[in-house]
Amino acid sequence: MRFAGLLLALLAAADNPGERVVHMVARRFTYLPDVIELQLGIPVIIELTSADRDHGFSVPDLGIRIDVEPGKTARVRVVPDKLGAFDFHCDVFCGSGHEEMAGRIVVSAPAAIGGNSGH
Amino acid sequence: MGSRTRREFLQISGIGGVVFASGLLQACSRLGGRPDPGPAVADDFYFVQLSDTHWGYKGPANPEATVELPRAVELVNALPQAPDFVVFTGDLTHTTDDDQERRRRMAQVREHLARLRVPTLRLMAGEHDASLDRGAAFQEFFGPLRYSFDHKGVHFVVLDNVSDPKGILGDAQIDWLSRDLKPLPKNAPIVVFTHRPLFDLKPDWDWTTADGTRAIDVLHAYPHVTVFYGHIHQEHHHQTDHIAHHAARSLMFPLPAPGSQPKRAPLPWDPAHPGRGLGLRDVDTDPRQPAYQLREIPLAGES
Chain D
2 MRFAGLLLAL LAAADNPGER VVHMVARRFT YLPDVIELQL GIPVIIELTS
52 ADRDHGFSVP DLGIRIDVEP GKTARVRVVP DKLGAFDFHC DVFCGSGHEE
102 MAGRIVVSAP AAIGGNSGH
Chain C
23 MGSRTRREFL QISGIGGVVF ASGLLQACSR LGGRPDPGPA VADDFYFVQL
73 SDTHWGYKGP ANPEATVELP RAVELVNALP QAPDFVVFTG DLTHTTDDDQ
123 ERRRRMAQVR EHLARLRVPT LRLMAGEHDA SLDRGAAFQE FFGPLRYSFD
173 HKGVHFVVLD NVSDPKGILG DAQIDWLSRD LKPLPKNAPI VVFTHRPLFD
223 LKPDWDWTTA DGTRAIDVLH AYPHVTVFYG HIHQEHHHQT DHIAHHAARS
273 LMFPLPAPGS QPKRAPLPWD PAHPGRGLGL RDVDTDPRQP AYQLREIPLA
323 GES
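Respectively, the protein sequence lines represent chains D and C. If you're matching positions, the first sequence starts at 2 in this note's numbering and goes up one per residue. If you're matching positions, the second sequence starts at 23 in this note's numbering and goes up one per residue.
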């Protein structure tokens, strides 16, 4: 069940007023959450930490790629400019199960995400 | 046979080398035995590519995981002519967090490969062998992670795009590649072995090398370059301009065609057809053209 662990990304106070922060934790061999719902045109800060070792966060279709290292918080600002589902994965080999470490960003029109707009 | 090339030999012997012209067998020793060196066969030669054994894997994708490597060794030893060399394009072992277990698996692979009756064995790492310890154990057992050699007029280059867990070649290696190729004439036949594809085959499945285009840019200046790689566990052919890229099958489990299913999970094991989708490849090489004739050899006798 690919989306069994689906969680809507929690919204948190951002450093920049008006911009949302989506917190993610990378841990062998999962991301939590592993599905992130974003809204077209609305900037989001994706903030990642590692619970164990070096990981990567790569979303090739959105041109996003950052390292996720223990003890550090990795941040990337995303302004979704196209609708659709975009797979992300760990691109730093992290052991047996690395190939399963993946998830999906879903970008919807603003009205499509009820109660999660943050605005 | 002295004036007959191996290409002609294969054309006569038929697909899979099942039927042989009787006169040729005399020069080939007995099937499965060490071939008679015999007279030289013009300037062409062939090598065998093995890949992705993942020795130590335990899982549903291959419940006969200890069978495939010995079977591949038997297949190579049964070839009617011994290849000039066997190259193993990475993931000899399945990864483990346990350094001792990693070394135990590598020792077992080395024992199996020692049974190959071939003059030369060329080994290289996959990310399962080398990424967790940056190639330390692999180098202890099998030697350097990157190197080059010349064989009968062809320049072979082994690149390491796995010992950095980010799956990159790195600046130093790309510089090394440039320096390695520099003395060659522009029209030299060049064969590159890598584990991961150098091009963006399916980046969201990590079937790429992040800085692979830099290596391709270096290679692009040479008109006769061919790349053989592993990692994706299936036969695949691709061109980046004049450079051909050929992926080999695995010896453990097949993976899906790029993008053919949501995840890159192994194809399910089929108990009715054990070993389906697994195999090795021989590459008939004519440095004078240069030209490469690929022959896929299924592990389980499928077509």
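Misleading hints may appear alongside valid ones.
Said to hold, decoys possible - Restricting the straight-line Cα-Cα distance to at most 25 Å, the calculated cross-link-like pairs of lysine-lysine (BS3-like) are:
no.	chain 1	residue 1	chain 2	residue 2
1	C	174	C	224
2	C	80	C	208
3	D	83	C	204
4	C	204	C	174
5	C	188	C	285
6	C	224	C	188
7	D	83	C	285
8	C	285	C	224
9	D	73	C	80
To be verified - Chain C regions said to be covered by chain D (calculated; three or more residues, Cβ under 8 Å):
no.	segment
10	165 to 175
11	257 to 271
The set of hints was computed from the structure by calculation and includes no laboratory data. Owing to the predicted nature of the structure, the values given are computational and were not obtained by experimental measurement. All C-beta atoms, glycine included, are put in the ideal place defined by N, C-alpha and C.
Status of the hints after comparison with the structure:
no.: 1; hint: 174/C to 224/C; result: 35 Å, violated
no.: 2; hint: 80/C to 208/C; result: 46 Å, violated
no.: 3; hint: 83/D to 204/C; result: 45 Å, violated
no.: 4; hint: 204/C to 174/C; result: 19 Å, holds
no.: 5; hint: 188/C to 285/C; result: 20 Å, holds
no.: 6; hint: 224/C to 188/C; result: 16 Å, holds
no.: 7; hint: 83/D to 285/C; result: 22 Å, holds
no.: 8; hint: 285/C to 224/C; result: 12 Å, holds
no.: 9; hint: 73/D to 80/C; result: 34 Å, violated
no.: 10; hint: 165 to 175; result: violated (count 0)
no.: 11; hint: 257 to 271; result: violated (count 0)
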